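Kindly generate the complete structure, drawing on both the sequences and the hints.
Below are the chains, spelled out letter by letter.
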Amino acid sequence: MNRATAVLLVLAGLLAVAVFASRPAPKVTAASAKSTALKQCPGATVGEPTLAYLVTVRTKQGTQKVAVDTATGRATVLQSPVRAVRYGSVIRLRPGAYRRYAKLHAAVWPTVLAALKRANVRNYSIYEKDGYLFSYLEYTGGNYKADMAKMAADPATQRWWSVCMPLQQPLKTRKPGEWWASMKELFHMD
Amino acid sequence: MRRYGMVLRLRPGALDEYARLHAAVWPEVLAAIHDCNIANYSIYHKDGWLFSYFEYHGEDFEADMAKMAADPATQRWWSVCMPLQEPLETRKPGEWWAEMDELFHLD
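In order, the protein sequences belong to chains A and B.
If you're matching positions, the first sequence starts at 1 in this note's numbering and goes up one per residue.
If you're matching positions, the second sequence starts at 1 in this note's numbering and goes up one per residue.
These aren't lab readings, by the way, just hints derived from the structure by calculation.
Being a predicted model, the structure only gives us computed values, none of them experimental.
Where a beta carbon is used, it is the ideal one built from N, C-alpha and C, also for glycine.
Treat the hints with care, since some could be wrong.
[What the hints assert, rightly or not] Cut-off 25 Å, straight-line C-alpha distance, at most; resulting in silico cross-link-like pairs (BS3-like, lysine-lysine): (1) A:Lys175 with B:Lys67; (2) A:Lys184 with A:Lys129; (3) A:Lys184 with B:Lys46; (4) A:Lys145 with A:Lys172; (5) A:Lys103 with B:Lys92; (6) B:Lys46 with A:Lys175; (7) A:Lys129 with A:Lys145; (8) A:Lys129 with A:Lys103; (9) B:Lys67 with B:Lys92; (10) B:Lys46 with B:Lys92; (11) B:Lys46 with A:Lys172; (12) B:Lys92 with A:Lys129; (13) A:Lys145 with A:Lys184; (14) A:Lys145 with A:Lys117; (15) A:Lys129 with A:Lys150; (16) A:Lys172 with A:Lys129; (17) A:Lys175 with A:Lys145; (18) B:Lys46 with A:Lys145; (19) A:Lys103 with A:Lys117; (20) A:Lys175 with A:Lys129; (21) A:Lys150 with A:Lys175.
[Claimed, not checked] Derived DEER-like restraints, expressed as beta-carbon distance ranges: (22) B:Ala63 with A:Asn143: 39 to 45 Å; (23) B:Pro72 with A:Leu51: 40 to 46 Å; (24) A:Ala152 with B:Gln85: 33 to 39 Å; (25) B:Gly13 with A:Gly177: 27 to 33 Å; (26) B:Val80 with A:Ala71: 30 to 36 Å; (27) B:Gln85 with A:Trp109: 36 to 42 Å; (28) B:Lys67 with A:Lys117: 34 to 40 Å; (29) B:Thr90 with A:Val77: 44 to 50 Å; (30) B:Gly13 with A:Arg118: 40 to 46 Å; (31) B:Val80 with A:Arg83: 44 to 50 Å; (32) A:Ser162 with B:Ala24: 42 to 48 Å; (33) B:Gln85 with A:Ala33: 52 to 58 Å.
Right, here's the structure in full:
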């Protein structure tokens with residue numbers, strides 16, 4: 001564990017103490033927690049009940065959840081980091097299409113949002129200025145091409161695209177097979 | 001947390017120098033950005049367009065931007081980067097990078 005992570009853990013720990021002190025008594029008792037844990041993982045050894053702080057740590061590889069035992073200070077990683085690949089893309093809006101595009105995107109169909117989630121897309125934003133659209137997204141799956149193909153085969157997404165694409169004007173300089181043109185990441189800081 | 005999308009142009013011929021600088025941003029500049037409550041900050045390029053995306057975790061964006069603008073290392077960094085950039089004529093008063101409208105977001 002590097003120093004920055006250690007400092008983050010301590011700060012998050014202090015925050016957790018404040019939150020813990022202000023919350024009502026938990027409904028889960030040590031005994032019921034033990035019984036639940038043993039149902040989930042038969043044969044598991046359950047330690048003596050101690051308090052642990054649940055800390056979320058941002059690392060280069062993604063977000064990680066760590067439990068820190070209050071008695072011993074021992075940290076246990078609860079969840080493997082999710083590796084995210086960032087994508088920046090650009091396209092133009094056709095003249096006069098801004099209002100319609102903004103209205104559509106203020107209420108994207110739930111079926112389309114669900115398809116994005118299934119395709120392992122998260123933290124996805126679209127920005128506009130002077131007729132240029134810029135999109136930023138994070139991909140957390142293991143096969144971007146396969147997930148994009150899955151999305152392209154989804155009927156709701158196909159209907160959505162049939163509404164949105166006539167409002168867009170792809171760049172002539174886009175790569176073969178692209179609609180939104182992929183951009184080059186020149187800089188990133190976590 | 002608030003997300004920001006910003007845009008400006010690169011001057012013709014400036015891409016190589018801009019990319020070289022941003023492949024190794026000075027540590028004191030990164031520290032200033034971090035101290036001003038900015039995280040998950042990326043800059044993308046296509047056809048002379050630069051788009052930046054970042055997440056602001058502080059309480060007072062204007063005050064943090066003023067703090068960054070007062071930082072000597074950041075001032076030196078900007079004096080190197082700004083001549084490579086060409087801000088949009090349609091930017092708002094006081095802007096260098098022009099703020100974009102967020103039309104869509106999915107967590």
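These are the hints, each one checked on the structure:
A threshold of 25 Å between alpha carbons decides the hint, and for Lys175 of chain A with Lys67 of chain B the separation of about 41 Å lies outside it, so the pair is violated. For the hint linking Lys184 of chain A to Lys129 of chain A, the alpha-carbon distance of about 19 Å falls within 25 Å, and the restraint holds. Of the pairs offered as hints, the one joining Lys184 of chain A and Lys46 of chain B holds, with about 7 Å between alpha carbons and a cut-off of 25 Å not exceeded. For the proposed pair Lys145 of chain A and Lys172 of chain A, the alpha carbon gap of about 22 Å is at most 25 Å, so the pair holds.
Only pairs whose Cα atoms come within 25 Å are accepted, and Lys103 of chain A paired with Lys92 of chain B is accepted, the gap being roughly 23 Å. The suggested pairing of Lys46 of chain B with Lys175 of chain A holds, with an alpha-carbon distance near 11 Å, which does not exceed 25 Å. Of the pairs offered as hints, the one joining Lys129 of chain A and Lys145 of chain A is violated, with about 29 Å between alpha carbons and a cut-off of 25 Å exceeded. Distance hint between Lys129 of chain A and Lys103 of chain A is fulfilled; the C-alpha atoms sit about 16 Å from each other, no more than 25 Å.
Between the alpha carbons of Lys67 of chain B and Lys92 of chain B the distance comes to roughly 20 Å, so the proposed pair stays at or under 25 Å and holds. Straight-line distance between C-alpha atoms of Lys46 of chain B and Lys92 of chain B comes to about 23 Å, which keeps the hinted pair within the 25 Å bound. With a CA separation close to 12 Å, the supplied pair Lys46 of chain B and Lys172 of chain A stays within the 25 Å bound. Under the criterion of a C-alpha separation no larger than 25 Å, the hint pairing Lys92 of chain B with Lys129 of chain A is consistent with the structure, at around 12 Å.
At roughly 18 Å between alpha-carbon atoms, Lys145 of chain A and Lys184 of chain A fall within 25 Å of each other, so this suggested pair holds. For the suggested pair Lys145 of chain A and Lys117 of chain A, the alpha carbons sit about 15 Å apart, so the restraint of at most 25 Å is met. In summary, the hint linking Lys129 of chain A to Lys150 of chain A is not supported, as the alpha carbons are separated by about 30 Å, beyond the 25 Å threshold. The straight-line distance between the Cα atoms of Lys172 of chain A and Lys129 of chain A is roughly 19 Å, inside the 25 Å bound, and the hint therefore holds.
Restraint check for Lys175 of chain A and Lys145 of chain A: the C-alpha separation of about 15 Å stays at or below 25 Å, so the hint holds. Between Lys46 of chain B and Lys145 of chain A, the direct Cα distance comes to roughly 21 Å. Compliance with the 25 Å bound is thereby established for this hinted pair. Between Lys103 of chain A and Lys117 of chain A the CA atoms are separated by roughly 21 Å; this keeps the pair inside 25 Å, and the hint holds. Simply put, Lys175 of chain A and Lys129 of chain A have alpha-carbon atoms about 23 Å apart, close enough for the 25 Å limit, and the pair holds.
A C-alpha spacing of about 20 Å is found between Lys150 of chain A and Lys175 of chain A, which places the hinted pair at or below 25 Å, so the restraint holds. Range check, Ala63 of chain B to Asn143 of chain A: Cβ separation about 44 Å, and the 39 to 45 Å hint holds. About 45 Å separates the C-beta atoms of Pro72 of chain B and Leu51 of chain A, a value consistent with the hinted range of 40 to 46 Å. Taking the beta carbon of each, Ala152 of chain A and Gln85 of chain B are about 36 Å apart, inside 33 to 39 Å as hinted.
Our hint of 27 to 33 Å for Gly13 of chain B and Gly177 of chain A holds, since their Cβ atoms are close to 29 Å apart. The hinted range of 30 to 36 Å is not satisfied by Val80 of chain B and Ala71 of chain A, whose Cβ atoms lie roughly 51 Å apart. Taking 36 to 42 Å as the suggested C-beta distance range, the pair Gln85 of chain B and Trp109 of chain A conforms, at roughly 38 Å. Take Lys67 of chain B and Lys117 of chain A: their Cβ atoms lie about 37 Å apart, and the range 34 to 40 Å holds.
Separated by about 48 Å at the C-beta atoms, Thr90 of chain B and Val77 of chain A satisfy the suggested range of 44 to 50 Å. For the hinted restraint 40 to 46 Å between Gly13 of chain B and Arg118 of chain A, the CB-CB distance of approximately 43 Å keeps it satisfied. Look at Val80 of chain B against Arg83 of chain A: about 33 Å separates their beta carbons, and that is not inside 44 to 50 Å. Evaluation of the 42 to 48 Å hint for Ser162 of chain A and Ala24 of chain B yields a pass: the beta carbon distance comes to about 45 Å.
Taking 52 to 58 Å as the suggested C-beta distance range, the pair Gln85 of chain B and Ala33 of chain A conforms, at roughly 56 Å.
Violation of the numbered hints given earlier is confined to hints 1, 7, 15, 26, 31; the remaining hints are satisfied by the structure.
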